[in-house]
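Chains as they are written, first to last, in numbering that gives the first Met the number 0: chain F, 0 to 538; chain C, 0 to 322.
In short, the hints are calculated from the structure, not lab data. A couple of the hints might just be wrong.
[To be verified] Simulated pairs of lysine-lysine, DSSO-like, Cα-Cα distance not exceeding 27 Å:
hint, chain 1, residue 1, chain 2, residue 2
1, C, K230, C, K314
2, F, K538, F, K487
3, C, K142, C, K105
4, F, K529, C, K314
5, F, K538, C, K51
6, F, K277, C, K62
7, F, K5, F, K101
8, F, K177, F, K187
9, F, K529, C, K51
10, C, K51, F, K537
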Amino acid sequence: MIENQKNYLTYPKGIMSWLLTLDHKRIGLMYLFGGLAFFFLGGLLALGMRLELAAPGNDFMSNDTYNNVYTLHGAIMVFLFIIPAIPGALGNILLPLMLGAKDVAFPRLNLASFYLYTLGALFTIYTIIAGGVDTGWTFYTPYSTTSTSNVIPMTMGIFIIGFSSILTGLNFIATIHKMRIPGLTWYKLPLFVWALYGTSLVQITATPVIAITMVLLILERLLGIGIFDPALGGDPVLYQHFFWFYSHPAVYIMILPAFGIVSEIIPVHSRKKIWGYKFIAFSTLSIAFIGFLVWGHHMFTSGQSVFSQIVFSFITYFVGIPTGVKIFSWILTMYRGQVSFTPPMLYALSFLFLFTIGGLTGIFLGAVALDIHLHDTYFVVAHFHYVMQGGTIVAFLGGLHHWWPKSMGTMYNQTVANICCLGVFLGFNGTFFPQFLLGLRGMPRRYATYDPQYADLHNYSSFWSAILGLSIFIAIMNLLWSLRKNNKLDPGTNPWGAMTLEWTHTTSPPHPHNFEEEPVLEHGPYDYDKVIVEPTFKK
Amino acid sequence: MDRLTEYLFPKQVSTFAADIDNLFYFIFYSSIVLFAIVVFGMLYLAIKYRFKKGDDIRLTSSKDHNNILESLFFIVPLILVSITFVWGIRSYLKMIIVPDDAIEIKVTGQSWFWTFDYPDGGTTLNEFVVPSNQPIKIILSSKDVLHSFFIPVMRSKMDCLPNRYNIMWFEAQQEGVYDIFCAEYCGTGHSQMGAKVVVMKPAQYEAWVAELGSDDENIPLDELGAKLYTKKACNTCHTLDGSALVGPSYLQTSQMWGQERVFDDGSSTVIDDNYIRSSILEPQTQIVAGYQGVMPTYQGLLNDRELDALIAFLKSLEKDSQI
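Let the hints inform the model, and build the full structure from the sequences given.
This is the structure:
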């Protein structure tokens, strides 16, 4: 074993070498720890909400406090954790490695994206210190133009983070087009790369719309120009169109990378060629495209025209079809494979279970007549948590466990990781499944207090949220604990027997320049029918 | 209603409620079948092809497509969502085409209460009285931010906008008192912005409407105050028995007459007629310590005689409690 071998974690040394690094892996790690810090904060806020909702009255916080807490929970989770976390952290670390490249196409731009994210995060922290914001993460006008809370710093933060998102998307698209090694054609790309490509396309096309919307909102508050506030001659429904024109595609910015992670985990841990490669690749692009045409389904009770209602309902179902194809393909991948129940695989199987519920409940909400009853109730809250947390965050945790030995060169305790995965699965269902029932019975969302008829289900949901929170916390602590001294793996480790370039052609953790020499492509990403790659796992 | 519907949904009171619940069941049972295929397929394959201790790592099957199976992935969901779409739109059209003989009632949302204006004059706050078996057309608007008028038992909901009117309708088939919620976030008092819909037999409704418009001039002030206490929805937040709800009890205020009351900013004032008047008209200026400033202003909703009546009624409570 070569003790003094260079890797990107230890070479070069010094704090400045991290702050000014152009290495995509180091930038990815900084995104990862930034994202995890906000995940922790957002999670604490969520537990605070569940504590307040455990009983009907104002038992733990006042209405105003609750409104601040739920707004910050939503804004932090969406804009500071989920949107940047997978592309910014796992995408940055893995994309060039998967392409056999030395770095992304524009390393300096990549560092600039990270600092824009940091600046946006500082605005958010300022918002919290200055007393919070109470408009909901959707900032609906005219409430957001008249609220006395810190709307401007929060929306300014989102505006800045938007640029980070656009620049990362731009960088990734250029990288995928131009930095592949010879022979790595589009159909030989790992599906995680396809997913990042779809995500990046949405990021660069949709994000400018939220940026300009936030600017208009800030200008309306500062200068009193009438765009959204009817008292000034504006139109609040126009705001909703602008907002959802970004925020619906943003759902796919959040979920497509998760699809990519699951497309990597399942073939590797089943040691089996992926089912329907081209279906999965093209369904990613078609979801990214159709996702732009369905924003009106967030506005079924806003009073838009009957014709719009019908068209938006119709197109909404076409997102469901390619998504269904993906789910069936992932399941069939296990057919005649060798399935190992490792922590990443358990997370991927949990993802399939939870995301299927999230997707199917979207069909209920797409039917206009039924949505009118369910709109803005806990049914919607449960639906998007099944997609965002049960889907994206569970896949993200799976991805972290899958690539942790690769990026950190250490192995966590796998038994603890499996138990935590079970805890997340049970805790998640216990927390959010009762919320479907609450919604059907008419419990509106964003309520600090509620009618006692809903108390039992809320109480049950709150109890399980504690288990969910604790499981995620221990799962991440288990990962961090592996970083203790004298726990290094052999640099040749490939614990899952994966065959994409980041596993077969470089060390764990990788060399500062990724590869000692330009890799030569020997096989496709999932050729488990042609090549045997032995799992290697040594201390 | 069968037991499952009773468990899952609020009562089916409007004419279209059963149809919407049936649409729910169609999607629900189709989803259960698809979900069962996904979960059992997943568990079956994962367990059947699991990697056992002692197994050799070998080359696995190159099977990665099956045209018939993949066509089914497209066709079956496509058929199911097509039915859902058509059903969803058909039911929706029933919900928006208002019958010609509907009674028109104007509903206004305002932070944080509901005002109902009836066709023959008369207004109620937070109490929406309608006759059964008669279509009701609701014209919605808001006086400030967005609100959303939601009656779960009617399966109906519509946003209230400050700059234009939205329309919804329903026909109630069962008498009773049911919940109304605000479903669009509107600030501090959002979760308290509830109301009740009272469905009466048509004859009873006629009598109620006749009384609504009747002259209040000739009754004594404290009796008028007692009427206004329920009619203007004071009772949703203030009790008469000394217990605290969202706001302090009238009885407590009455018993403290002439004494100091402490506010949340540390200041205090003596409880007298002027204090009560300003608390009704400008409730946000002095908030009693221990409570939240969620009360809306009643400026323009009560005339001078009505204000006098409420003050007289409040003062009378303490005397009554001593008897």
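Here is what the structure says about each hint:
1. C:K230 <-> C:K314: holds (19 Å)
2. F:K538 <-> F:K487: holds (6 Å)
3. C:K142 <-> C:K105: holds (13 Å)
4. F:K529 <-> C:K314: Cα-Cα ~91 Å, so violated.
5. F:K538 <-> C:K51: holds (23 Å)
6. F:K277 <-> C:K62: holds (14 Å)
7. F:K5 <-> F:K101: Answer holds: F:K5 to F:K101 is near 15 Å, not above 27 Å.
8. F:K177 <-> F:K187: Satisfied, since the Cα-Cα distance of roughly 15 Å is no more than 27 Å.
9. F:K529 <-> C:K51: holds (21 Å)
10. C:K51 <-> F:K537: holds (21 Å)
Checked against the numbered hints given earlier, this structure breaks only hint 4.
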